Amino acid sequence: MAKKRERLEVIRDILKSIRERRNIKPTRLLYASNLSPQMFKEYVDELLVKDFVTITTDKDEKKTFSLTKKGNEFLDQYKLIENFVQNFGL
Amino acid sequence: MDIYSFILGNKETFKIIYAAIIVFTCLLIVLKTNKLFQLSSHSGIRYFRNAFLFYGIAFFVRYFLVFTDIFGSIITPLFEFFIIMGGFFLTYSLLSKRLNLKFYYSSLLNPIISIFYLFAIILVLFDIILKTSNFMFLSQIVLFVVSSSISYINYKEAGSKNKFLKFYFSAMILILLAWILNFFVFLLFGGERSILINVYILNLVFFLIFLYGVIKITKN
Chain A
1 MAKKRERLEV
11 IRDILKSIRE
21 RRNIKPTRLL
31 YASNLSPQMF
41 KEYVDELLVK
51 DFVTITTDKD
61 EKKTFSLTKK
71 GNEFLDQYKL
81 IENFVQNFGL
Chain B
1 MDIYSFILGN
11 KETFKIIYAA
21 IIVFTCLLIV
31 LKTNKLFQLS
41 SHSGIRYFRN
51 AFLFYGIAFF
61 VRYFLVFTDI
71 FGSIITPLFE
81 FFIIMGGFFL
91 TYSLLSKRLN
101 LKFYYSSLLN
111 PIISIFYLFA
121 IILVLFDIIL
131 KTSNFMFLSQ
141 IVLFVVSSSI
151 SYINYKEAGS
161 KNKFLKFYFS
171 AMILILLAWI
181 LNFFVFLLFG
191 GERSILINVY
201 ILNLVFFLIF
211 LYGVIKITKN
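So the protein sequences, as listed, match chains A and B. Numbering-wise (the working numbering), the first sequence opens with residue 1 and increments by one. Numbering-wise (the working numbering), the second sequence opens with residue 1 and increments by one.
Honestly, the hints are just simulated from the structure, not real lab data. Do not take every clue at face value.
Sample of chain A residues at the chain B side, in silico, Cβ under 7 angstroms [what the hints assert, rightly or not]: (1) GLU46; (2) VAL49; (3) THR64; (4) THR68; (5) LYS69; (6) GLU73; (7) PHE74; (8) LEU75; (9) GLN77; (10) ASN83; (11) PHE84; (12) GLY89; (13) LEU90.
Quick list of the computed label-pair ranges, beta carbon to beta carbon [unchecked claim]: (14) A/LYS69 with B/LEU108: 19 to 27 angstroms; (15) A/LEU75 with B/LYS156: 46 to 54 angstroms; (16) A/ARG7 with B/LEU187: 36 to 44 angstroms; (17) B/PHE67 with A/PRO26: 55 to 63 angstroms; (18) A/SER66 with B/PHE67: 36 to 44 angstroms; (19) B/ASN134 with A/ASN72: 49 to 57 angstroms; (20) A/ARG7 with B/ASN34: 14 to 22 angstroms; (21) A/PRO37 with B/ALA158: 57 to 65 angstroms; (22) B/LYS35 with A/THR56: 28 to 36 angstroms; (23) B/LYS156 with A/ASP58: 46 to 54 angstroms; (24) B/GLY72 with A/MET39: 26 to 34 angstroms; (25) B/TYR212 with A/ASP76: 23 to 31 angstroms; (26) A/PRO26 with B/ILE17: 57 to 65 angstroms; (27) B/LYS216 with A/THR27: 29 to 37 angstroms.
Cross-link-like lysine to aspartate or glutamate pairs, in silico, EDC-like; alpha carbons within 16 angstroms at most [as the list claims (entries may be wrong)]: (28) B/LYS102 with A/ASP45; (29) A/LYS70 with A/GLU42; (30) B/LYS97 with A/GLU73; (31) B/LYS35 with A/ASP76; (32) B/LYS97 with B/GLU157; (33) B/LYS219 with A/ASP45; (34) B/LYS35 with A/GLU46; (35) B/LYS102 with A/ASP76; (36) B/LYS102 with A/GLU73; (37) B/LYS35 with A/GLU73; (38) A/LYS4 with B/GLU157; (39) B/LYS97 with A/GLU82; (40) A/LYS63 with A/ASP45.
Keep in mind it's a predicted model, so treat the numbers as computed, not measured. Where is the CB? At the ideal position from N, CA and C, for every residue including glycine.
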């Protein structure tokens with residue numbers, strides 16, 4: 001059985017999906033994140049609060065997610081953050 | 001002249017050096033971890049940073065503000081308050097991952113931290129009323145028993161993967177021993193200074209272990 005992903009890994013995976021596809025629709029991101037809809041909503045809310053992602057609505061009222069500068073920096077420094085969190089048991 | 005007599009003979013100088021090392025250590029830890037928090041918005045890193053911020057303030061108040069006449073008799077209650085809050089923050093930083101609580105905008109003023117403030121104030125008030133420091137000592141012993149247990153579980157779960165967890169657990173045991181020793185020195189020996197030197201050494205080692213870990217892991 002696959003190991004359950006740590007919270008930090010889930011956040012990394014969501015942000016990576018957004019970065020790879022640049023602007024991604026909520027449904028596609030939900031599939032890519034491999035989370036239940038309820039968990040997905042929790043994570044997206046957290047990422048919005050932390051200012052890692054933004055939602056843009058186009059003229060057809062369609063929503064897409066994109067990364068903020070902070071979200072990009074998180075991905076760039078992910079290894080350092082993960083190393084710190086794991087070594088201090090946080 | 002043995003080392004204890006030498007230190008006791010120059011105790012004021014040693015106290016200042018001791019406090020300066022701890023305040024400087026805390027400052028470095030806060031600056032390094034604040035950078036990581038700005039990048040990650042990780043709750044555990046945030047409360048870990050706050051713990052050392054409060055420890056740094058506590059030692060600054062206790063050993064440096066004492067030279068000013070501004071705070072007078074409230075120096076000890078202030079020191080106790082910041083030390084108790086530091087303990088709460090450090091324990092909470094270890095618990096936050098397991099509790100998986102909501103992310104708050106402020107880490108200094110939110111419902112959970114307000115409960116910690118309330119507890120800290122109550123404990124300090126008890127100490128003031130009963131003219132003792134026992135409530136601070138006991139609160140720290142309880143908090144570090146909890147923190148030591150969590151850090152032991154973290155160490156066992158990670159195996160040999162994350163090497164610093166062993167140091168983290170050792171640091172927790174050291175500080176727990178320091179608080180237990182501190183408590184008994186005041187309870188049984190009326191604050192006997194030669195025994196208290198060992199408490200100061202344990203405290204120093206605790207802070208230096210954390211500084212070592214933070215610098216080592218964030219150096220890249």
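Now for the hints, and whether the structure bears them out:
no.	hint	in the structure
1	GLU46	holds, 6 angstroms
2	VAL49	holds, 6 angstroms
3	THR64	violated, 22 angstroms
4	THR68	violated, 11 angstroms
5	LYS69	violated, 11 angstroms
6	GLU73	holds, 6 angstroms
7	PHE74	holds, 6 angstroms
8	LEU75	violated, 10 angstroms
9	GLN77	holds, 5 angstroms
10	ASN83	holds, 6 angstroms
11	PHE84	holds, 5 angstroms
12	GLY89	holds, 3 angstroms
13	LEU90	holds, 3 angstroms
14	A/LYS69 with B/LEU108: 19 to 27 angstroms	holds, 25 angstroms
15	A/LEU75 with B/LYS156: 46 to 54 angstroms	violated, 31 angstroms
16	A/ARG7 with B/LEU187: 36 to 44 angstroms	holds, 43 angstroms
17	B/PHE67 with A/PRO26: 55 to 63 angstroms	holds, 59 angstroms
18	A/SER66 with B/PHE67: 36 to 44 angstroms	violated, 54 angstroms
19	B/ASN134 with A/ASN72: 49 to 57 angstroms	holds, 51 angstroms
20	A/ARG7 with B/ASN34: 14 to 22 angstroms	holds, 21 angstroms
21	A/PRO37 with B/ALA158: 57 to 65 angstroms	violated, 32 angstroms
22	B/LYS35 with A/THR56: 28 to 36 angstroms	holds, 29 angstroms
23	B/LYS156 with A/ASP58: 46 to 54 angstroms	holds, 51 angstroms
24	B/GLY72 with A/MET39: 26 to 34 angstroms	violated, 54 angstroms
25	B/TYR212 with A/ASP76: 23 to 31 angstroms	holds, 26 angstroms
26	A/PRO26 with B/ILE17: 57 to 65 angstroms	holds, 58 angstroms
27	B/LYS216 with A/THR27: 29 to 37 angstroms	violated, 43 angstroms
28	B/LYS102 with A/ASP45	holds, 11 angstroms
29	A/LYS70 with A/GLU42	violated, 19 angstroms
30	B/LYS97 with A/GLU73	violated, 22 angstroms
31	B/LYS35 with A/ASP76	holds, 14 angstroms
32	B/LYS97 with B/GLU157	holds, 14 angstroms
33	B/LYS219 with A/ASP45	violated, 32 angstroms
34	B/LYS35 with A/GLU46	violated, 20 angstroms
35	B/LYS102 with A/ASP76	violated, 25 angstroms
36	B/LYS102 with A/GLU73	violated, 23 angstroms
37	B/LYS35 with A/GLU73	holds, 12 angstroms
38	A/LYS4 with B/GLU157	holds, 14 angstroms
39	B/LYS97 with A/GLU82	holds, 13 angstroms
40	A/LYS63 with A/ASP45	holds, 15 angstroms
Hint compliance for this structure: hints 3, 4, 5, 8, 15, 18, 21, 24, 27, 29, 30, 33, 34, 35, 36 are not met, and every other hint is.
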